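**Q** The residues making up each chain are set out below.
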Amino acid sequence: MKLTDEERAMLAGEHGRARRIALEHQLKVGRFLGAADMVPVGQAHVMADTESLGEAGIAWLEALAALPAAERRVRVPTITDPRGTDFAHASDLKQQDWMLALERRAIAAFQALGVLMTDTCINYQTIMPPVRGEHVAYGDTGVVIYSNSVLGARSNFEGGPSALAAGLTGRTPRYGFHLDAPRRASLHIRVDWTPRRLDEWGALGALVGRTAGNYWAVPVLSGIDRVPGSDELKHFGAAAASFGSLALFHMAGITPEAQRLADVFDPAGPVTARFGEADVRALQASYGDGGQAIDLVVFSAPQLSLVEMDQLASLCDGRRFKVPVLAITSPQVKPDADRAGLTARIEGAGAIVLSGMCFYNSYAREMAEANGWRRLATNSAKLVNIIGGYGYLPRLASMEACVDAAERGLLA
Amino acid sequence: MTESFRAAAGMGPTVRGTVLAAHDGFSARYDLDRVNGVFSRPAHQLAGQSYVGRVLVLDTAKGGVATAWMLHEMQARGVMPAALVLNSVNPILVQGAALADFTLVVGFGGDITSLLRTGDAVEVDPNASDGPVVRVLTRAA
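As they're listed, the protein sequences go chains B and S. The working numbering puts the first residue of the first sequence at 1, with every later residue one more than the last. The working numbering puts the first residue of the second sequence at 1001, with every later residue one more than the last.
Hint data in this document are derived by calculation from the structure and do not stem from the laboratory. A few of these clues could be false.
Keeping only pairs whose Cα atoms sit at most 25 Å apart, straight-line, the calculated SDA-like set for lysine to any residue is [unchecked claim]: (1) B:LYS28 / S:GLY1107; (2) B:LYS28 / S:GLY1131; (3) B:LYS28 / S:ALA1008; (4) B:LYS28 / S:GLN1075; (5) B:LYS28 / S:ASN1127; (6) B:LYS2 / S:SER1129; (7) B:LYS28 / S:GLY1078; (8) B:LYS28 / S:SER1114; (9) B:LYS28 / S:ALA1009.
A few chain S residues facing chain B, derived, Cβ under 8 Å [stated by the list, open to error]: (10) PHE1005; (11) PRO1013; (12) GLY1017; (13) ASP1031; (14) ALA1068; (15) MET1070; (16) GLU1073.
None of these values were measured; they are calculated from a predicted model. For every residue, glycine included, the Cβ atom is placed at its ideal position computed from N, Cα and C.
With the hints as extra help, turn the sequences into a complete structure.
**A** Okay, here's the thing in structure tokens:
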């Protein structure tokens, strides 16, 4: 890879050990993936829940955090993805002390590195959305796909070590979606029915993700008959990223790089797949092996926006839940939800509003064992895709149906 | 003459092991019970099978970003495959392998999940002078 003088100095240790380690890591990755050089980034976003880090990952972070302050602090704004707990409600979730101890150690290390503990996967809605053409180093697949597709930013999936490395060096290897050519669509999907609800957008995203199938595939969708809102695109993108490992999609006439289909794809090219309402319903129905009884309802993955919190609060009014309901939002949305009275209305029905975590990265397997949770209802297609691996039997339904299920203990 | 398959890219140390193959994806978070060392996502073709010490031969990387940390964590506890051999990869798996110094080879002339079979004994050499390679030591009976 071609390096600048500054990068060569970093590699020689002239900018301290942390930056040397970071750049060495980036070069290993960049060479494997064919990067010609590095590109400066405006922000980094680090996924680093302690279930993923483990003791080994935390020790790795602590070693960096122990370096001299001038050597260890990040050079570009670096923020964090959801953590593995909400300390205020850890006992409600029956999370154990060792989990919280790991979280505290990770937080202390990140703070020593100058990382801002935003603990959110909806930073594009709440912190500082990247601008079109801005190169960033984002973790969380949902954040990457939304930022690339809806905002026109440029990021690859940057796992925790690589995103932190980008924060430390202020750059990332220039491969994949930092380049023009890989951003063109590689397949055309025709949509014959535009979803209405968030779970339906997620189900469509799941279908698109499965069809496209791998990280380097870029679908362009045609046929969407209205401009979707931010929460709709959030659920669509998160599911497409989760089911297909996709980092970029286009919607003809809607997303910024595809004002016309021809901007990203040969209009005479083939249509790889067509999806309609029946396909969405079939995807939803494919998660239903556990019968009607429900142990738990979760709204999470991605964290809820203030608008989703408002929608949920309206559905909770006058209810009393039989089964636990977890509504998970970001530390930025939570104070607004408190101030607007939304938290009180949601919790008034018996739900718990959690902040700064996400369900699946919060020791979901251990929580299931401690609480007797197995049959889970959610309106998140991303969550149903992930949580089966943790031993749950998930159901995908609308927010309204999930709230009904929480009241009755049954999901029809 | 040893049967071998050239890969487009590779990293990590040379290892030997027994193949566990499926035309399916790989995600440490989505697919694995990392405590017990088995594939746990019910829909995965290898559900219920142990991956510990095996050369996993799969189609592509799936899922989210957690694998970037998890390979390192799995390596530290020793509940880990010997290597990953894939048709294609996403950046997360590369980043995870780089952090963990784990053996990863990717990209073959054909579908590696059909060229290698469960039970084959192989050597995975990412650092061969003429490029990364998987050498078949013995075929499964």
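**Q** Each of the hints needs a verdict: does it hold here or not?
**A** Status of the hints after comparison with the structure:
1. B:LYS28 / S:GLY1107: Holds, because 17 Å separates the two Cα atoms, which is no more than 25 Å.
2. B:LYS28 / S:GLY1131: Holds: LYS28 (chain B) and GLY1131 (chain S) sit about 16 Å apart, inside 25 Å.
3. B:LYS28 / S:ALA1008: Roughly 15 Å between the alpha carbons, so the hint for LYS28 (chain B) and ALA1008 (chain S) holds.
4. B:LYS28 / S:GLN1075: holds (18 Å)
5. B:LYS28 / S:ASN1127: holds (13 Å)
6. B:LYS2 / S:SER1129: holds (23 Å)
7. B:LYS28 / S:GLY1078: At roughly 23 Å apart (the allowed maximum being 25 Å), GLY1078 (chain S) and LYS28 (chain B) satisfy the hint.
8. B:LYS28 / S:SER1114: violated (29 Å)
9. B:LYS28 / S:ALA1009: holds (11 Å)
10. PHE1005: violated (18 Å)
11. PRO1013: PRO1013 (chain S) check fails; min Cβ-Cβ to chain B is 14 Å, beyond 8 Å.
12. GLY1017: violated (21 Å)
13. ASP1031: holds (6 Å)
14. ALA1068: holds (2 Å)
15. MET1070: holds (5 Å)
16. GLU1073: OK, holds: GLU1073 (chain S) within 8 Å of chain B, min 3 Å.
Hints 8, 10, 11, 12 from the list above are not met by this structure, while the remaining hints are.
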